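A.B. asks: What follows is each chain in one-letter form.
2 protein chains.
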Amino acid sequence: MMEIMETKRPGGRRPGTTRTRDAIIDAAVGSFVEKGYTGTTIRGVARTAGVDPALVIHFFGNKDGLFDAFIQEGGLPLRRLKEAIDGDVERLGERLVRTYLSLWEEPESGAKLRAILLTAESSPVAAEMLKAFLTQEILHPLAKRLGADHPEARAILAGSHLIGVALLRYVLRIEAMTALTTDQVIACVAPSLQRYLTGELPLGTG
Amino acid sequence: MMEIMETKRPGGRRPGTTRTRDAIIDAAVGSFVEKGYTGTTIRGVARTAGVDPALVIHFFGNKDGLFDAFIQEGGLPLRRLKEAIDGDVERLGERLVRTYLSLWEEPESGAKLRAILLTAESSPVAAEMLKAFLTQEILHPLAKRLGADHPEARAILAGSHLIGVALLRYVLRIEAMTALTTDQVIACVAPSLQRYLTGELPLGTG
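Line by line, the protein sequences give chains A and B. Per the numbering used here, residue 1 is the first one in the first sequence, and the count goes up by one each step. Per the numbering used here, residue 207 is the first one in the second sequence, and the count goes up by one each step.
Keep in mind that a hint or two might mislead.
Restricting the straight-line Cα-Cα distance to at most 30 Å, the calculated cross-link-like pairs of lysine-lysine (BS3-like) are [as the list claims (entries may be wrong)]: (1) A:K144 x A:K131; (2) B:K241 x B:K337; (3) A:K144 x A:K82; (4) B:K288 x B:K337; (5) A:K35 x A:K131; (6) B:K350 x A:K131; (7) A:K82 x A:K131; (8) A:K35 x B:K288; (9) B:K288 x A:K144; (10) B:K337 x A:K35; (11) B:K350 x B:K337; (12) B:K288 x B:K350.
In case anyone wonders, no lab produced these hints; they're calculated from the structure. Remember, predicted model here, so these are calculated numbers, not experimental data.
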């Protein structure tokens with residue numbers, strides 16, 4: 001551990017260190033997706049990454065640190081969600097639900113999102129990390145995009161609908177929800193989102 | 207155990223047996239709410255109920271059986287949700303969100319609902335129980351109440367929004383959501399629900 005700290009260059013990490021760190025993140029992502037939060041151990045992640053457990057602790061502190069790295073650096077294609085947020089605000093509702101569903105329906109990103117949502121339920125610390133992530137990476141950019149009153153409230157109302165759809169459709173898989181096609185969900189949900197994002201809402205002034 | 211089975215009367219359980227069973231359910235509810243699914247044990251529930259662990263197994267089989275009893279018989283005030291479903295269908299959206307939020311906001315029922323939602327995330331068997339419960343106790347009655355096409359789809363779209371609001375407001379407690387008053391949430395969400403329940407939806411025929 002000390003050797004790595006001492007040899008770190010001021011301008012950034014050494015390439016070998018970055019590779020090791022990335023290998024640990026990859027192993028952690030695989031473990032959270034396959035075994036969940038409870039089934040994930042520092043030791044198991046270290047074994048898969050081919051490193052000493054002490055090195056995992058050096059980089060990430062503990063399991064919650066690994067989970068944070070999974071959320072932040074685990075390769076979620078969030079760029080697409082940001083692209084959906086940019087662009088014509090009058091069709092933002094449809095773009096948002098369409099992109100969001102596509103992230104959940106693709107096997108790799110869907111498995112990651114599912115693992116993140118499940119983990120947040122089983123660890124209070126992980127829940128705080130998910131909260132910070134949702135707020136900084138999705139709600140704030142979305143609210144900032146809206147040229148309307150109460151942007152934060154608008155963004156969270158839209159977000160509440162989206163996360164509920166994902167919970168029933170991809171996590172609990174309730175039949176009435178999975179029976180709908182993606183296009184049906186998009187067509188039904190988009191107007192609700194659009195109303196939250198740009199419509200008249202009874203929120204008062206201030 | 208055998209003694210209880212042999213002395214059960216054909217017409218129903220003996221009063222003493224019912225009292226014992228109820229005491230176990232009470233203990234299980236308390237444990238699930240306070241310690242969560244992972245922290246709940248047959249032994250701990252038996253201790254709180256003042257019975258032998260074998261008796262808990264006799265009545266409920268295992269922890270998942272206890273969880274099922276918690277959902278089905280744990281004293282959730284679902285009667286109020288059913289009353290909200292009955293009555294004028296043109297204001298069903300508002301009644302539904304108002305009643306639902308009130309269940310989450312009352313300390314006792316709110317803690318139970320939170321425990322149920324969290325448990326369903328940490329156990330696949332518990333998730334199946336929650337699915338069956340939501341479908342039979344809420345979605346079906348709601349769908350049945352709607353004199354419209356695609357009643358199941360309408361009910362689940364409304365339900366997806368409600369469960370997402372609860373997740374962000376009462377479980378994750380994201381600030382943009384908790385900053386809204388209950389009346390603001392009701393006023394904003396009710397029209398979305400009403401559109402799902404009785405409005406025009408782009409679901410096609412059939």
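A.B. asks: Does A:K82 lie within 30 Å of A:K144 when you go C-alpha to C-alpha?
C.D. replies: 12 Å, holds
A.B. asks: Tell me if the straight-line CA distance from B:K288 to A:K144 falls inside 30 Å.
C.D. replies: Violated, because 40 Å separates the two Cα atoms, which is more than 30 Å.
A.B. asks: Quick one, are B:K350 and B:K337 close enough, alpha carbons at most 30 Å?
C.D. replies: Satisfied, since the Cα-Cα distance of roughly 18 Å is no more than 30 Å.
A.B. asks: B:K337 and A:K35 were given as a pair; does the straight-line alpha-carbon distance stay at or below 30 Å?
C.D. replies: 22 Å, holds
A.B. asks: Take the C-alpha atoms of A:K35 and A:K131, compute the straight-line distance between them, and say whether it is at most 30 Å.
C.D. replies: 22 Å, holds
A.B. asks: Holds or violated: B:K241 with B:K337, Cα cutoff 30 Å?
C.D. replies: Distance of about 22 Å is within 30 Å: holds.
A.B. asks: Would the hint linking B:K288 and B:K350 be met if the CA-CA limit is 30 Å?
C.D. replies: 12 Å, holds
A.B. asks: Do the alpha carbons of A:K35 and B:K288 lie within 30 Å of each other, as the hint requires?
C.D. replies: At roughly 38 Å apart (the allowed maximum being 30 Å), B:K288 and A:K35 break the hint.
A.B. asks: Verify the proposed pairing of B:K350 with A:K131, using a straight-line Cα cut of 30 Å.
C.D. replies: 37 Å, violated
A.B. asks: Hint check: B:K288 vs B:K337, CA-CA at most 30 Å. Holds or violated?
C.D. replies: Judged against 30 Å, a Cα distance of about 18 Å means the pair holds.
A.B. asks: Does the alpha-carbon distance linking A:K82 and A:K131 stay inside the 30 Å limit?
C.D. replies: 18 Å, holds
A.B. asks: Between the alpha carbons of A:K144 and A:K131, is the straight-line distance 30 Å or under?
C.D. replies: Measuring from Cα to Cα gives roughly 18 Å; hence the hint holds.
Hints 6, 8 and 9, counting from the list given before, are not met by this structure.
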